[in-house]
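S.K.: The lines below spell out each chain.
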Amino acid sequence: MGYLRAVSPFLGAIVLAFVMQFGVAPMFGAYYQKLLIDIGINIVLAVSLNLVNGFAGQFSIGHAAFMAVGGYAAGAITYYGSFHVFGDALVHHGQGDVLFLAATLVGGCVAAVAGWVVGLPSLRLKGDYLAIVTLGFGEIVRVLLQLTDDVMFKRADIEAASVGTLALALGGALGFGGLPFYTSIVWTYFFAFTLLVIAVRLKTSGEGRAFLSVRENEIAASAMGIDTTRYKVRAFVLAAFFAGIAGSLFAHEIGTTLNPRELGFQKSFDIVIMVVLGGMGSISGAVLAAIVLTLLPEFLREAASYRMIIYALLLISMMILRPQGLFGVREVWELYRRPKVSRPQVRPPGSLP
Amino acid sequence: MKLLLPVITLGLLALTGCSDKGSPAGAGPGSQAASKAPEATTIKIGEFGSMTGSEATFGQSTHNGILLALEEVNAAGGVNGKKVELKSYDDQGKSQEAGTVVTRLITEDKVVAILGEVASSLSLAGGRVAQQYGIPMISPSSTNPQVTAIGDMIFRVCFIDPYQGYVVAKFARENLKFSKVAVLYDQGQAYSKGLKDDFIKAFTEMGGTVTVEQSYTGGDQDFSAQLTTIKGTSPEAVFLPGYYTEAGNISLQAKKLGLIATMLGGDGWDSSKLAEIAGDAIEGAYYSNHYAAEDTRPEVQEFVKKYQAKYGSVPDGLAALGYDAARLLFDAMRRAPSLAGKDLAAAIASTKDFPAVTGVISIDAERNATKPAVVLQMKGGKPVYAATVEPRK
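Going down the list, the sequences are from chains A and B. For the first sequence, position 275 (counting from the first letter as 1) is numbered 275 according to my numbering, and the numbering increases by one without interruption. All you need for my numbering is the position in the second sequence, starting with 1, plus 353.
Derived from the structure by calculation, the hints contain no laboratory data. Just to be clear, a hint being listed does not mean it is correct.
Unchecked claim - One-sided excerpt, in silico: chain A residues whose CB lies under 10 Å from chain B:
no.	residue
1	Gly29
2	Lys34
3	Leu147
4	Val151
5	Gly171
6	Gly175
7	Thr256
8	Asn259
9	Arg261
10	Arg301
11	Met308
This structure is a prediction, so every number in the text was calculated from the model and none was measured. Ideal Cβ placement from N, Cα and C applies to all residues, glycine included.
Work out the full structure, taking the sequences as your base and the hints as a guide.
M.R.: Below, the structure written as structure tokens:
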């Protein structure tokens, strides 16, 4: 039974991912299929950031940096690995997908390590101070990536180069292009659904309650025997892992190039907006916000130069009408459940501590 | 408040729902133009550029140039009797947006060819999509060599970075009759290194001597050590293949050190900031560029006149390159047996001696443009047309 409970989310995620690929995707054209992938990646980003900003109540604005770390790590592995295994950087289904999966998991782990390194000293800080540290981390990552060397694209050069040289040949300011397009709807939604199961289970588990207690009142939580720093670091590491996964999915998507400038703080803010709009602490809210905020700018494309103005106005009006986000801290399935009298009403998370 | 949330949610679901339903039939929001114009009488081409964002001036100039070319071709009856229709999208200077809009242009708007982008990183992102779908793309002004290396569908009408090294070498050797030149380049920049390598190769082949090779890193402020070494070799000129900020600072410090030599550079110098930084220290220096509005060739003068009549300003290099890219595409469309990706790409690839504003263009085997470059000289704080350098044979 325990075994089944452990495996079932992955099985469910695989089934649902295949349903997305073969049931849902064929109804749309290639452009809308690409948007489906964008939505999936944004769901992973928003829900994972929600673990830190929503569950644990910390304010991180460096999520895109973890995404960049994971994306570059995974991208370097598939790109240079492909040259070693296949002799070129084209898509080779089968073996290539295995390489991509391995690279993605490694990318996630590298990002998780980065999350731990940043998290450990900085999570003793609170609120605005933590925000500044995460922002600073994001800028460090961006500048370091801009200083890397040009991507190599000749097989002979790559085979002659050492691992150290290859690890530094990440394209610099021009961006890391030329990665094989492995990201499919199946892969994207497999990771998205897996993360969703983890997040939902976490929210209702003892571990997750510890996260929430840190958010609600850190002093009270530590008085109850909760190691607040440890839980904050855990939230950070888990969020960074999935940000790294999202980075890898992003890196291998058709029509994207890893570019340090675009994975800077502006991208981080885009993710923060999704979390805030969905309601800090609401998983379904983050999902809905990710869907809406990915599709909205696309549907406004006809408005040409005015689209970003309209987009921003819509965001502002939504925040005025629903300052606690679309769902507040609740989930979509809890919307019409009246709060029990005994349960204390939580503070709207739109207001920072 | 109780009602508000369901209303918003339903509204958003309706928004996503209705537009999704329309997409398979090709009637999504992006293809409204398609239903208005009958397919048979128009040819659709796409453009992606940075109309907003930090490089907005690049995108807007290019767009103006393309629009001018489009107006002309339609006024003259279109291509093979069909009017050409342009679909433009803004990519905000972001590569992800570039990939998305190129996908949209190809799969929703069904364009036959794509024009764009200015920035090489964005051309790389969009170009890979175009290559994947087999739709030809012409970049007006992405000079990084990697762009056309994407594949056989990607072309450009500008020269590539290293080529300018040759241009400056030839100008220095043949026009200025220099034989001793020192080089000071930015080691952290592919652009600068590419120019330097090609310059040294060409200049030594033409019988010149490179006295010394020195380097700096972008952002450096003090160049006195390098300049002292250079001064010791007493060159007639110093080649500075970097950007205008460093070029300006180096010229200033060279003057202070009493290094008397002509400064030479590439299109990274092309900014009004150059004269602001260097003042009179940059007087008499030469740099290579894509085009000069003062060029006396009839194509240039006619283009400048038309552009000024339409937009009221002197066209910059990007506008000229946008205009050339569009006209070269129309020319290829006339010659192509059909507008299918492969035929059109073959027609573009076979372009020979096309009389464009930025010079006579031939497309080479690497899908790059072989064309002359212009050399400008700084006079009174302004760049002035000095010469045209023909490409190597």
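S.K.: With reference to the structure, classify each hint as holding or not holding.
M.R.: Evaluated hints:
1. Here the hint on A:Gly29 is kept, as its CB sits about 5 Å from the closest CB of chain B, short of 10 Å.
2. A least Cβ separation of about 5 Å between A:Lys34 and chain B falls short of the 10 Å threshold, and the interface hint therefore holds.
3. A distance limit of 10 Å between C-beta atoms decides the matter here; for A:Leu147 the minimum to chain B is near 7 Å, and the interface restraint holds.
4. The beta carbon of A:Val151 comes within 8 Å of a beta carbon in chain B, closer than 10 Å, and the hint placing it at the interface holds.
5. For A:Gly171, the shortest C-beta to C-beta distance to chain B is roughly 9 Å, which falls under 10 Å, so the interface hint holds.
6. Of the supplied interface hints, the one on A:Gly175 holds, with its beta-carbon coming within about 5 Å of a beta-carbon of chain B, less than 10 Å.
7. The beta carbon of A:Thr256 is positioned within 10 Å of a beta carbon in chain B (closest approach about 5 Å), and the interface hint is therefore held.
8. Restraint check, A:Asn259 versus chain B: the minimum CB separation of about 5 Å is within 10 Å; hint holds.
9. For the restraint placing A:Arg261 at the interface with chain B, the shortest Cβ-Cβ distance is roughly 8 Å, inside the 10 Å limit, so the hint holds.
10. Contact between A:Arg301 and chain B, as hinted, is supported at the beta carbon level, the nearest pair being about 6 Å apart and thus within 10 Å.
11. A hinted interface residue such as A:Met308 counts as satisfied when its beta carbon comes closer than 10 Å to some beta carbon of chain B; here the least separation is about 7 Å, so the hint holds.
The earlier numbered hints are all upheld by this structure, with none contradicted.
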